[in-house]
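S.K.: Chain residues, written in single-letter form:
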Amino acid sequence: MRYLVCIKQTPDTAELPKISPEEAASGKLSVNLVVNPWDEHAIEAGLQLMENYGGTTGAVTVGDENAIDALRSALAMGCKDATLVKHTDEVDAWGVAELLAAAVKHDGQVDVVLTGQMTVDGNSGLVPVALARKLGWPVLTSVAKVVELGDGQITVERVVGQSRLTVQTSTPVVLSVIKEIGEPRYPTFINIRKAARVKIPELTAADLGVEPPAPVIHMSNFRKPPARDAQVKLFEGTPQEAAAALIDALLEEKVL
Amino acid sequence: MKFLVYIETDMGDVVASSWEALGAARSLSEDVEAVVIGDKISAVVEETIQRGAKKVYVVEDETRAMFDLERHLADVKQALAASGADAFLASHTNNGRDLAAALGVEQGAGVIADALALELEDGRLKGVRGVYSGNILVDVTIDGTPQIATLRPRAFAPAEKMADASGDVVLQDPADVDSPYLIQEVQRAEKGEISLTEASIIVSGGRGVAKDPELGFDLIRELASVLGAAVGASRAAVDAGYISYDHQVGQTGKVVRPDLYIACGISGAVQHLAGMGSSKIIVAINKDPEAPIFSVANYGIVGDLFEVVPALTEAAREKLNK
Ligand SMILES: Cc1cc2nc3c(=O)[nH]c(=O)nc-3n(C[C@H](O)[C@H](O)[C@H](O)COP(=O)(O)OP(=O)(O)OC[C@H]3O[C@@H](n4cnc5c(N)ncnc54)[C@H](O)[C@@H]3O)c2cc1C
Ligand SMILES: Nc1ncnc2c1ncn2[C@@H]1O[C@H](COP(=O)(O)O)[C@@H](O)[C@H]1O
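Those sequence lines, one after another, are chains A and B.
Residue 24 is where the first sequence starts when you use our numbering, and the numbers rise one by one after that.
Residue 35 is where the second sequence starts when you use our numbering, and the numbers rise one by one after that.
The set of hints was computed from the structure by calculation and includes no laboratory data.
Take these hints with a grain of salt, some might be off.
[Stated by the list, open to error] Restraint-style ranges between C-beta atoms, simulated for each label pair:
(1) B:SER259 - A:GLU206: 28 to 34 Å
(2) B:ASP177 - A:THR194: 33 to 39 Å
(3) B:SER76 - A:HIS241: 27 to 33 Å
(4) B:ASP252 - A:GLU259: 22 to 28 Å
(5) A:ARG246 - B:LYS195: 57 to 63 Å
Quick reminder that beta carbons are idealized off the backbone N, C-alpha and C, glycines included.
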C-alpha cells in the first residue's frame with residue numbers, strides 16, 4: 024500500500040492575529056510558519072495506515088522553497104519520503120488540486136491520498152474534493168476513523184453534520200480527516216536527525232507535465248475585520264445577584 | 035440575474051441553513067429558483083415555495099435520501115441545465131462545500147467559499163470572506179459559469195415565508211449515474227440536540243471545570259437546556275476527555291456564529307477565538323479577571339463557574355418562566 028499526505032505550510036495559529044492586511048495581500052509573511060494543524064492529523068492518519076496495513080507513507084506539498092521545512096516536519100514524524108512541488112506563480116484551489124493530482128499520478132503507486140479538512144490561511148476546504156475530481160477518484164471528507172482497508176476497498180467513519188456515517192468505497196481514494204483520527208505524534212530524535220539530512224526532491228509543473236489553470240478565484244481589498252466594540256460590563260455581588268443582573272442585560276439585548 | 039439555490043435535505047428533513055441561501059438569493063434577485071434532492075421531501079418542497087422560490091426542481095428518490103456526492107452532483111447539473119441559472123448558492127455545510135467544490139472544479143468556475151456577505155457588482159457576484167482564520171477579510175470575485183458561492187451558516191437572514199407565495203414544481207428524473215459510495219451505517223445525534231453551527235445560543239465549558247468535570251458539564255448542560263442552547267467546549271476540555279470532540283469550538287473544531295456565546299471557565303486563547311469571535315454577544319464566566327476572554331466579552335462575571343452557572347440557570351428559569 025502507498026499513502027500520500029498533502030500538507031501545506033501555514034502560519035503558526037498563535038500568530039494569525041498579527042498578520043497585517045499588507046502581508047496577507049502580498050503573501051510575504053513575517054510570522055513563524057509550521058505544518059497546517061489539520062494536516063498534522065492527516066500525517067498521523069497516514070502513519071497509522073502504514074502501521075496497520077503495511078506499505079509506505081509519503082508527504083507532498085505545493086509551495087516555495089521554504090515549504091521544505093514543513094516536509095522535514097513530516098519526515099520527523101515518520102513519513103518515509105517527501106516531495107516538494109515547487110510552484111511560486113499564483114494558483115487558486117483548482118490550481119493546487121491540479122498540481123497535487125499530477126504529483127499523485129507521478130508517484131504512480133498511491134492507494135490513499137490524505138488531506139486535512141482545511142488550511143488555517145486559505146480556509147476554503149475546496150482542495151480535497153477538487154483533487155479527487157481531477158484524479159477521477161472517490162473522495163470521503165471529514166473522516167474520523169478508517170475501519171478497514173484492503174482488496175481495493177476502504178471503509179471509514181465520517182462525521183457529517185449531526186450524524187456519524189460508516190461508508191465504503193473503492194480505492195484509490197482521497198480522504199480528508201478530522202482531529203478524531205488521532206493526535207499527531209511527536210517527532211522522535213532519530214527521525215529529526217534523519218529528516219535534517221535528507222535531500223528532498225523537487226518537481227516543477229513542467230516536470231509533472233501540467234500547466235495549472237489560471238486562477239478563477241480573485242481576492243482583493245485585504246483588511247482587518249471591524250474590531251469588537253467590547254468594553255466588558257462586569258456584574259458584581261453574590262453569584263445570585265450577578266446572575267440575575269446578567270440575565271436582565273441579555274433579555275435587554277434580545278438574545279434570550 | 036437568475037439564481038438556483040440548493041436546498042439540502044437529510045432523510046426528508048431540510049438542513050435549516052439552506053433557507054439562508056434562499057434568503058441571500060432573494061435579497062439579490064427577483065429570479066430565484068431552487069433544487070431539492072432527497073426522499074420524502076414534499077413538505078420541504080412546499081416550504082421552499084412558501085419561502086419564495088419561483089420554481090423548484092425536485093428529484094425524489096430512495097437513492098437520494100442521504101447526500102451522495104456523485105448522485106447529487108449529477109442531479110444538480112441537470113437542474114442547472116434546465117434552469118439556465120447564472121448563479122448557484124448553497125449553505126457552507128460539509129455537503130454543500132463538497133458539492134460546490136466538485137461543481138466548480140468540473141466547470142472551471144470559481145467558488146466563493148464560506149461567504150460572510152454577498153452583493154452584485156456589474157452583474158456578477160462579489161463576496162466577502164475570512165482568510166487567516168477570520169483575522170483578515172477579503173473581497174472575492176470569481177470567473178466562470180455558473181457563479182458559485184457557499185454561505186457561512188448564520189451569516190445571512192433566512193428567507194421569510196410569504197403569505198401569497200406560489201411557484202412551479204418541476205419533477206426531474208434522478209440522473210443515471212453509478213455511485214462509488216455505500217453507506218453501511220448511520221448514527222444520529224439524539225433528538226433535540228442542537229447543532230453548534232446552527233445554534234443561536236451556545237454555552238461552552240473549558241478547563242475551568244477541572245476540579246469536577248462531570249458536575250461542571252452537567253451544570254453547563256442544564257443552563258443550555260433552559261436557554262435552548264447548544265453545548266460547546268474548548269480544546270482543553272475535549273483533550274482532557276471531559277466531552278467529545280464534536281463539541282469543540284475553535285481553530286481545529288467548529289466555527290460558530292451564535293447571537294449569544296457564554297464561555298464558562300475558558301481563558302480565550304486565539305485558537306478558541308478563531309471559532310467564536312464573531313458571536314454577536316459574548317459572555318465570560320471566569321474566576322480570573324485578567325483572562326483574555328474578558329477583552330472580547332460584552333458581559334462578564336468574575337467568579338467560580340460552579341457557583342455562577344447554577345445561579346444563571348436559576349435566574350433564567352425564573353425570568354424566562356421555565
Ligand atoms: C494548532 C492549535 C489548534 C488549536 N485549536 C483549538 C480549538 O479548536 N479550540 C480551542 O478551544 N483551543 C484550541 N487550541 C488550544 C488553545 O491554544 C488553548 O490551549 C485552549 O483553548 C485552552 O482551553 P481553556 O480555555 O479551556 O483552558 P485554559 O487556558 O487552561 O483556561 C481555563 C480557564 O478557566 C478559568 N477557571 C479555572 N477554574 C475556574 C472556575 N472554577 N470557575 C471559573 N473559571 C475557572 C481559568 O481562570 C482559565 O482562564 C489550539 C491550539 C493549537 C496550538
Ligand atoms: N499547497 C498545498 N500543498 C499541499 N496540500 C495542500 C495545499 N493546499 C491545500 N492542501 C491540502 O488540502 C487541504 C484543504 O486545504 P484548503 O482547501 O486550501 O482549505 C489541506 O488541509 C491540505 O491537506
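S.K.: A range of 28 to 34 Å was offered for this pair. Does it hold for the Cβ distance of SER259 of chain B and GLU206 of chain A?
M.R.: For SER259 of chain B and GLU206 of chain A the Cβ distance comes to about 31 Å; the hint holds.
S.K.: A range of 33 to 39 Å was offered for this pair. Does it hold for the Cβ distance of ASP177 of chain B and THR194 of chain A?
M.R.: Given range 33 to 39 Å: holds, Cβ gap about 34 Å.
S.K.: Taking the CB of ARG246 of chain A and the CB of LYS195 of chain B, does the distance hold inside 57 to 63 Å?
M.R.: violated (36 Å)
S.K.: Range hint 27 to 33 Å: satisfied by the CB atoms of SER76 of chain B and HIS241 of chain A?
M.R.: violated (41 Å)
S.K.: Does 22 to 28 Å hold as the CB distance between ASP252 of chain B and GLU259 of chain A, or does it fail?
M.R.: The hint (22 to 28 Å, Cβ to Cβ) holds, given that ASP252 of chain B and GLU259 of chain A are roughly 26 Å apart.
In this structure, the hints that do not hold are numbers 3, 5, in rising order.
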